[in-house]
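Peer 1: Now for the letters of each chain:
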Amino acid sequence: MTSRTLWLLGAGLLCLAGAVFAAGTQGFAEANPVGTNPNPVRLMRPPTAPLSSMALLGKEIFYDASLSSSGAVSCASCHSPDHAYGPANDGPVMLGGATLSRQGARAVPSLTYLDRHPNFSIGPDKGDDDNIIDLAQMAALGRQATRTTKTAGSSGASANIVPQGGLFWDGRADTLQDQALFPLLDPNEMDGGSAGIVADRLRRAPYVNRFVELFGAGVLRNQRLLIAEAMFAVARYQVEDVSFHPYTSKYDYWLEGKARLTESELRGLQAFNDPDKANCAGCHTSAPTRDGLPPLFTDHQYEALGAPRNTALAGNRDPDHFDLGVCGPQRTDISEQTQYCGMFLTPTLRNTAVRHAFFHNGVFSTLEQVLDFYNFRDTNPEKVFPRAADGTVLKYNDLPQKYHANVDVTDPPFDRHPGNRPAMTEQDEADIIAFLKTLTDGYRVEN
Amino acid sequence: MKSRLLTTVAIFAAASALACTLPVLADDFGRDRDHGHDHDNDRDHYRHAHDIHTETPIKHLVIIFNENRSFDHYFATYPNAANPSGSIPFVPKPHTPKVNNLANANLLVNNPNNNPANGTGATDPFRLDRTQANTRSQNHAYTPEQQAVDNGKEDLFPKFTGRGTAGGAGAFGTNGQVMGYFDGNTVTALWNYAQHFAMSDNNWTDTFGPSTPGVLEVVAGQTNGVQNVIGTSSSIADGQGGLTLTGDTDPGNDACSSKTSTMLMDGKNIGDLLTDERISWGSFMGGFDLTLKNANGTTGCARSTFSSNVNGTIVDYIPHHAFFQYHKATANPTHARPSSVHAIGHTHDFNGKVDPANHNYDLEDFYAAVKAGNFPAVSYIKMPAYQDGHAGNSDPLDEQAGNVELINFLQKQPEWRETAVIITYDDSDGWYDHQYVAPKNASYDPTADQVNGSGLCGLGPNRQPAPNGLVGKPVNGRCGPGTRVPLIVVSPYARTNYVSHNYTTQASVVRFIEDNWLRGKRLGGGAFDAGAGSLMDLFDFDQDHRHDLRADALFLDPTSGTVMTSPPDEHHHH
Numbered sequence: 001m002t003s004r005t006l007w008l009l010g011a012g013l014l015c016l017a018g019a020v021f022a023a024g025t026q027g028f029a030e031a032n033p034v035g036t037n038p039n040p041v042r043l044m045r046p047p048t049a050p051l052s053s054m055a056l057l058g059k060e061i062f063y064d065a066s067l068s069s070s071g072a073v074s075c076a077s078c079h080s081p082d083h084a085y086g087p088a089n090d091g092p093v094m095l096g097g098a099t100l101s102r103q104g105a106r107a108v109p110s111l112t113y114l115d116r117h118p119n120f121s122i123g124p125d126k127g128d129d130d131n132i133i134d135l136a137q138m139a140a141l142g143r144q145a146t147r148t149t150k151t152a153g154s155s156g157a158s159a160n161i162v163p164q165g166g167l168f169w170d171g172r173a174d175t176l177q178d179q180a181l182f183p184l185l186d187p188n189e190m191d192g193g194s195a196g197i198v199a200d201r202l203r204r205a206p207y208v209n210r211f212v213e214l215f216g217a218g219v220l221r222n223q224r225l226l227i228a229e230a231m232f233a234v235a236r237y238q239v240e241d242v243s244f245h246p247y248t249s250k251y252d253y254w255l256e257g258k259a260r261l262t263e264s265e266l267r268g269l270q271a272f273n274d275p276d277k278a279n280c281a282g283c284h285t286s287a288p289t290r291d292g293l294p295p296l297f298t299d300h301q302y303e304a305l306g307a308p309r310n311t312a313l314a315g316n317r318d319p320d321h322f323d324l325g326v327c328g329p330q331r332t333d334i335s336e337q338t339q340y341c342g343m344f345l346t347p348t349l350r351n352t353a354v355r356h357a358f359f360h361n362g363v364f365s366t367l368e369q370v371l372d373f374y375n376f377r378d379t380n381p382e383k384v385f386p387r388a389a390d391g392t393v394l395k396y397n398d399l400p401q402k403y404h405a406n407v408d409v410t411d412p413p414f415d416r417h418p419g420n421r422p423a424m425t426e427q428d429e430a431d432i433i434a435f436l437k438t439l440t441d442g443y444r445v446e447n
Numbered sequence: 001m002k003s004r005l006l007t008t009v010a011i012f013a014a015a016s017a018l019a020c021t022l023p024v025l026a027d028d029f030g031r032d033r034d035h036g037h038d039h040d041n042d043r044d045h046y047r048h049a050h051d052i053h054t055e056t057p058i059k060h061l062v063i064i065f066n067e068n069r070s071f072d073h074y075f076a077t078y079p080n081a082a083n084p085s086g087s088i089p090f091v092p093k094p095h096t097p098k099v100n101n102l103a104n105a106n107l108l109v110n111n112p113n114n115n116p117a118n119g120t121g122a123t124d125p126f127r128l129d130r131t132q133a134n135t136r137s138q139n140h141a142y143t144p145e146q147q148a149v150d151n152g153k154e155d156l157f158p159k160f161t162g163r164g165t166a167g168g169a170g171a172f173g174t175n176g177q178v179m180g181y182f183d184g185n186t187v188t189a190l191w192n193y194a195q196h197f198a199m200s201d202n203n204w205t206d207t208f209g210p211s212t213p214g215v216l217e218v219v220a221g222q223t224n225g226v227q228n229v230i231g232t233s234s235s236i237a238d239g240q241g242g243l244t245l246t247g248d249t250d251p252g253n254d255a256c257s258s259k260t261s262t263m264l265m266d267g268k269n270i271g272d273l274l275t276d277e278r279i280s281w282g283s284f285m286g287g288f289d290l291t292l293k294n295a296n297g298t299t300g301c302a303r304s305t306f307s308s309n310v311n312g313t314i315v316d317y318i319p320h321h322a323f324f325q326y327h328k329a330t331a332n333p334t335h336a337r338p339s340s341v342h343a344i345g346h347t348h349d350f351n352g353k354v355d356p357a358n359h360n361y362d363l364e365d366f367y368a369a370v371k372a373g374n375f376p377a378v379s380y381i382k383m384p385a386y387q388d389g390h391a392g393n394s395d396p397l398d399e400q401a402g403n404v405e406l407i408n409f410l411q412k413q414p415e416w417r418e419t420a421v422i423i424t425y426d427d428s429d430g431w432y433d434h435q436y437v438a439p440k441n442a443s444y445d446p447t448a449d450q451v452n453g454s455g456l457c458g459l460g461p462n463r464q465p466a467p468n469g470l471v472g473k474p475v476n477g478r479c480g481p482g483t484r485v486p487l488i489v490v491s492p493y494a495r496t497n498y499v500s501h502n503y504t505t506q507a508s509v510v511r512f513i514e515d516n517w518l519r520g521k522r523l524g525g526g527a528f529d530a531g532a533g534s535l536m537d538l539f540d541f542d543q544d545h546r547h548d549l550r551a552d553a554l555f556l557d558p559t560s561g562t563v564m565t566s567p568p569d570e571h572h573h574h
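Chains as they are written, first to last, in the numbering used here: chain A, 1 to 447; chain B, 1 to 574.
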């Protein structure tokens with residue numbers, strides 16, 4: 001495949017974004033009092049079929065708590081199907097380990113809407129295999145290139161040479177099968193012990209015959225292959241089972257002309273898309289792709305936003321400990337690329353309203369806090385960050401001083417300064433939250 | 001006048017014979033033929049393929065030229081699939097002949113590629129499930145493919161042609177992925193076609209290397225004679241002051257080609273010979289018509305299609321696959337449109353003017369021409385890229401959908417009873433295949449050639465001279481045969497559940513056309529058609545097909561590849 005092929009994906013997506021935005025934001029509240037989408041689109045949802053043998057095996061593994069040292073934790077414990085495959089608890093992180101007393105390092109991301117998630121790369125969007133440029137080379141190029149400001153509906157994002165794709169908050173896993181092994185072995189999570197122990201547990205699992213059926217008897221003798229295929233099966237379950245990407249939110253149906261948004265929700269959508277207000281859609285893309293694929297509400301890129309430190313995390317008791325995302329400490333392969341210190345993956349906002357832990361460190365527990373952070377970080381930082389003993393505001397207190405320059409101060413609303421008017425009014429924030437609630441799956445269309 | 005009268009009589013006879021068994025088809029048949037004759041006149045350009053003398057009963061040949069699969073990669077365990085629970089089981093027919101594959105060669109375990117020289121990629125062959133259809137493309141360059149052969153030991157595939165999916169676990173994440181093979185639970189349609197029609201297990205690319213050399217072999221049998229147009233090309237010095245193509249380069253002057261590297265080829269191709277004899281022919285490629293607009297709004301060279309299997313939007317037209325754009329005489333660099341659907345396949349339009357399309361069309365034009373009763377004698381087909389089978393931008397399931405849809409369509413045409421479809425491949429993609437054949441076409445480039453040692457493809461320039469190039473002297477860069485690739489013939493005249501072991505190559509397709517339509521004329525200029533094996537073994541022309549049209553068709557479900565009991569409805573796109 002030529003590089004031409006995938007280039008299109010990014011470019012076209014943004015073109016269409018422009019069109020839909022134009023159509024979608026024409027005086028919602030006034031001109032369109034019924035709240036329906038004046039320009040309905042046909043959304044192309046992923047094809048559905050009965051689960052394959054592979055996916056059925058993956059489902060058994062996904063719910064198998066016997067793979068954990070406690071015997072009580074499965075994938076589904078932290079990625080609860082009743083909470084959009086995100087955490088079921090109210091705290092910033094989940095607990096794991098042999099006695100379920102160890103904090104996980106970061107807020108648990110949702111496993112929904114990862115079926116179209118690209119592998120980790122350092123942009124711009126590119127296609128094939130034939131000319132492989134390693135991450136360090138791309139990072140070096142990125143340092144020389146100027147970054148385009150990302151505003152809703154513009155085409156800046158896909159051309160930027162910044163990290164994108166990959167799973168976890170730092171993108172250290174490329175594929176779902178790669179990702180699935182980390183929590184299984186993490187001592188703070190399922191605490192599986194070692195590859196040898198996990199393989200033994202798989203060999204004793206009630207579903208062991210499915211392995212033999214799918215991969216031949218030799219698979220049980222080959223520990224590396226056994227674990228690899230098990231993780232592929234888990235990934236395949238997530239790809240095939242529609243509950244991981246149902247696209248049944250009120251907003252999806254609104255896009256299709258099958259649901260009405262309230263006045264508040266419509267105003268929220270408008271503010272969400274408005275570059276002069278919240279500009280959320282600059283990163284959390286809200287328009288369908290030109291192929292009619294539903295929007296994912298993320299551009300899959302990384303940002304350093306400078307969220308406040310979460311003192312509730314055990315690891316943060318050490319004042320010298322900092323979670324720097326792409327450049328470490330959990331991710332270790334590009335730690336020398338310090339321009340990425342503090343960067344974390346932009347998550348999807350689908351089902352965000354069912355969460356109680358926001359940002360990588362779970363420092364916020366409500367959407368109001370999140371919106372306040374975006375609104376006041378630069379105009380009224382004292383509303384967002386704590387003060388030192390001498391009364392100075394500790395802006396970006398979860399990042400060492402030397403990395404403060406990495407924080408995004410160009411994309412609206414982060415381009416403002418103390419004394420400027422905040423981008424959003426209280427009403428705007430309430431409207432945006434109302435809109436965000438339309439991104440929760442399981443909406444029932446009338447009639 | 002006389003010949004026209006005879007034809008009409010013959011058609012009535014054929015139509016009434018059909019009417020006894022297949023009234024629906026007979027109706028189409030009569031309508032289409034009459035339609036064609038409305039426009040008939042004395043000029044060559046409306047010579048219908050049915051009326052042209054052929055050596056065999058085949059009046060229409062359709063070559064579906066897919067991408068990048070080795071024989072073992074698709075047929076390693078044929079005819080036995082793993083049939084895991086939940087799959088649609090593939091049940092082989094009794095008396096299916098043995099094929100030369102991994103299972104019968106006893107190479108599924110203790111495979112020579114499971115050796116330390118392959119590092120972390122060392123592995124026995126392993127099954128790829130239908131859920132794993134979207135793989136990485138392997139390395140299919142001229143030299144690495146030769147290195148993998150390792151002087152006939154065929155034991156260094158992971159090391160030289162293997163590539164792993166980034167982030168893929170197990171063999172998927174290492175160069176060992178090259179040892180993966182699909183079975184009838186994934187490439188279901190091809191296995192079904194093989195069961196009902198004829199397949200070769202000894203068909204090869206003429207040379208090592210990727211798409212463009214393969215494309216040139218299947219139309220011209222010759223990769224020597226490169227003339228760079230812009231920049232340099234993926235070619236090597238031929239040792240006689242010229243260049244031989246060993247890699248992919250876009251055709252010169254094509255509106256969609258690269259702006260930094262293009263080339264054209266000297267010499268002739270089969271299109272020249274067919275044009276000379278006024279035999280209708282065409283190249284039909286997905287994405288070729290730049291005036292169309294796809295469902296996603298794309299147009300021109302950028303027309304693209306989203307595939308949920310590869311999870312990406314893929315540009316339809318790939319210039320370096322364009323069969324006839326490399327030779328000036330058969331090219332349509334601006335992608336000009338034919339003057340009408342009736343001009344398709346012909347050099348001149350209805351008014352006797354040279355038709356602007358010059359035999360190069362879109363795949364949509366193929367459907368349109370056949371529906372209009374204007375089925376060319378020879379048709380080369382390239383699916384839109386998402387359906388071409390090339391790992392990375394396509395996959396076996398999208399490939400299957402495109403192929404089956406086209407073959408289902410053809411089987412419903414009245415012309416089916418005199419049609420043959422050849423499904424074959426431009427290259428192996430580098431996927432593992434166990435069979436070695438010592439080079440028949442030698443080449444001695446000091447760095448590029450590596451089959452039998454450094455600078456060696458063959459026994460040495462004295463004992464085994466390189467084949468002659470375009471100017472009649474031995475040239476380098478044509479080392480081959482390259483890799484073993486599938487070849488299936490779907491036709492009422494194909495033998496049933498038959499496997500041919502005759503040695504053939506891509507240039508055998510050229511030879512078949514020459515033998516059938518051109519009284520065995522050859523291209524000359526050192527082209528491989530002269531010595532290519534014959535495909536005739538795959539056919540049985542003694543069968544009587546007049547009363548058994550339905551039995552000669554095999555309708556498959558495009559998604560699952562399984563046999564359908566009744567013909568499917570028309571696809572809405574065409």
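Rather than coming from a laboratory, the hints here were simulated on the basis of the structure.
Fair warning: there could be bad hints in the mix.
Which residues of chain B face chain A? A partial, calculated answer using Cβ under 10 Å [what the hints assert, rightly or not]: (1) 104; (2) 106; (3) 129; (4) 131; (5) 172; (6) 291; (7) 292; (8) 311.
Beta carbons are placed, not taken as given, at the ideal position from N, Cα and C, and that holds for glycine.
Peer 1: Evaluate each hint against the coordinates.
Peer 2: Cross-check of the supplied hints:
The restraint placing residue 104/B at the interface with chain A is violated, with a minimum CB-CB distance near 17 Å, outside the 10 Å limit. Among the interface hints, the one on residue 106/B is violated; its C-beta lies about 15 Å from the nearest C-beta in chain A, farther than the 10 Å criterion. Taking 10 Å as the C-beta contact cut-off toward chain A, the hint placing residue 129/B at the interface holds, the least distance being around 6 Å. Given hint, residue 131/B at the interface with chain A, holds; its Cβ is 4 Å from that chain's nearest Cβ, closer than 10 Å.
This hint holds: residue 172/B has a C-beta 7 Å from the nearest C-beta of chain A, less than the 10 Å allowed. Among the interface hints, the one on residue 291/B is violated; its C-beta lies about 19 Å from the nearest C-beta in chain A, farther than the 10 Å criterion. Using the Cβ-Cβ criterion of 10 Å, the hint placing residue 292/B at the interface with chain A is not satisfied: the shortest such distance is roughly 16 Å. Nearest Cβ of chain A to the Cβ of residue 311/B: about 6 Å, under the 10 Å cut. The hint holds.
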